[in-house]
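With the hints as constraints, model all of the structure from the sequences given.
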Amino acid sequence: MNITIVNQQGHNFGDEAAGAGLINRILQYEEVENVTVLYASDSILPITDSRIIHKPDISLKNVGLKNLITYYLFGSKIVKNKKLNEWIRIINNSDIIFVSPCGASIGIYKDYRYLLRLLIVVKEKKIPVFHYNTINSSKSIIFDSIAKYILNRSDVNVREKKSKLYLDSIGIESTLGTDSAFLLSPLENMSKSSYISFIPAHFDDWHPYFKKNNIDEKFNSKVLPIISKIIKKNNLKIKILPHFNLESEYKYCNYMKELLIKNGVNERNIVVPRLTKFQEYDYEISRSLFVVSMRYHGCVLASKNFIPFYTFSYENKMNEVANYSQMKEYVINLNNLDAYSNNNLSNLFESIIFKRDDLSDMLKSRYYNFILPNVEKKTKQLFKGDE
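Residues in the sequence shown are numbered from 1 upward in steps of one, following our numbering.
Hints listed in this document are in silico derivations from the structure and should not be mistaken for laboratory results.
Glycine included, every Cβ here is placed at the ideal spot set by N, Cα and C.
Take every hint as true, because none was put in to throw you off.
Just the calculated beta-carbon pair ranges, DEER-fashion: (1) N266 <-> S145: 53 to 61 angstroms; (2) N344 <-> M1: 47 to 55 angstroms; (3) I44 <-> E350: 37 to 45 angstroms; (4) K212 <-> E247: 20 to 28 angstroms; (5) N34 <-> L116: 23 to 31 angstroms; (6) K66 <-> D361: 52 to 60 angstroms; (7) N24 <-> T276: 14 to 22 angstroms; (8) E247 <-> M362: 34 to 42 angstroms; (9) S221 <-> E329: 23 to 31 angstroms.
Right, here's the structure in full:
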C-alpha cells in the first residue's frame, strides 16, 4: 500500500510528535510499502525509515496561485507546472491519504493554504482521512463553506468533543478519539527527578483569543512568583523547554529564565536546553517531576509519559486532554486567570508535588485502558479491518 500524509507541520515539536506517532504506527503494518509526506512547512520530520519519502519541495510556493486556479477550473490535463503534476501523481498513486494531525487550521486559525492542499485531494476523487484533528468554525462564511465541501468528502476523526459537536451541528459525520502523539511509545522514568519542566508561551502578539489583552504580563506577574516560591520552598530545579525549534522561541525561554531569577530563583537551578527535535522535547518531559505547560502537546506528552501536569489552558483542546487524562483539577484557564487567588494557584502546586506518585500511576492506567485504545481505532480499522 502507498500511504500519503498531507499538511504535515514542522518546527513545532507538538505537531511533529503527532505526525511521527501516526507515521510510526502506519509503518508497523506489513502491507505498507511507503509513506510519502507532503509538508506545510520547510522543515521535515526527524524520523528515518527506508519507506518514508519526504517531499518538502512540493509546496504551494513552488506551484504558484495561477497554476492552482487553472488546475481547479480545468483539471490536471492542461497543468504545466512540474511540482503540481508530481503532487497530483502522488495523490493518485495513494491507497490511503491521511491529513496530518494538527490544531485548528480549520477553525480559529483559518488557514486557506491548508484548504488549498486538501482541495487537490478531493478534486482527484480521493478521500482525506483526518487523523484526530481539531476542527471548528472559523466564523468566516467563505472559509467554512470550503471546509464543509472538503469535510463532506472526507473520513473525519477528531480529538475534541467540542469538534464533534460542531461537526454534528453542520451535518458532518465524525469519530471522537485522542491525540495522535499518544501513538508514540511512553518513555517511563523509574527514577524520581528533582526538575520541573516549564513550557512557556506568549499569546498577546498572535492568538485570536488574546490579542491586546495583556495576558502575557498577567501571567508573568501573577504566576511566575508562585512558581519561584514553590521551587525555593521544595528545593527543586526547573528546565524551561522550548516548544519550537526556532531562535525566537529559545530567546523567549531565556527571557522566562531572567524573570525567574528576578523572583529569587538561583540561576544554577534553571536550565534552558537547546532542543532541535521532538524526541528531545519528549525525553525532557519524561524526566520531569511534573510539568507546567502553557502548550497543548506539553500536556499530551506528559500524560503519555505518566508525568503529572499543571495546565495553563489557552484553548479548549488543553481542557479536553486534561479531562480524559483525569487531570482536570490542575487546569487553570488563562481567559479567567484573574479569578484564581494566589493561594489557590500555590495550593495546586503543592498538591501535585504531594500526590505525584499516585497521579503517575493513575496516568499510566488511564493511558493503557482508555487513551491508547481510542487513538489506535482508525489505523486498526484501515489496515486490519474494522474490529
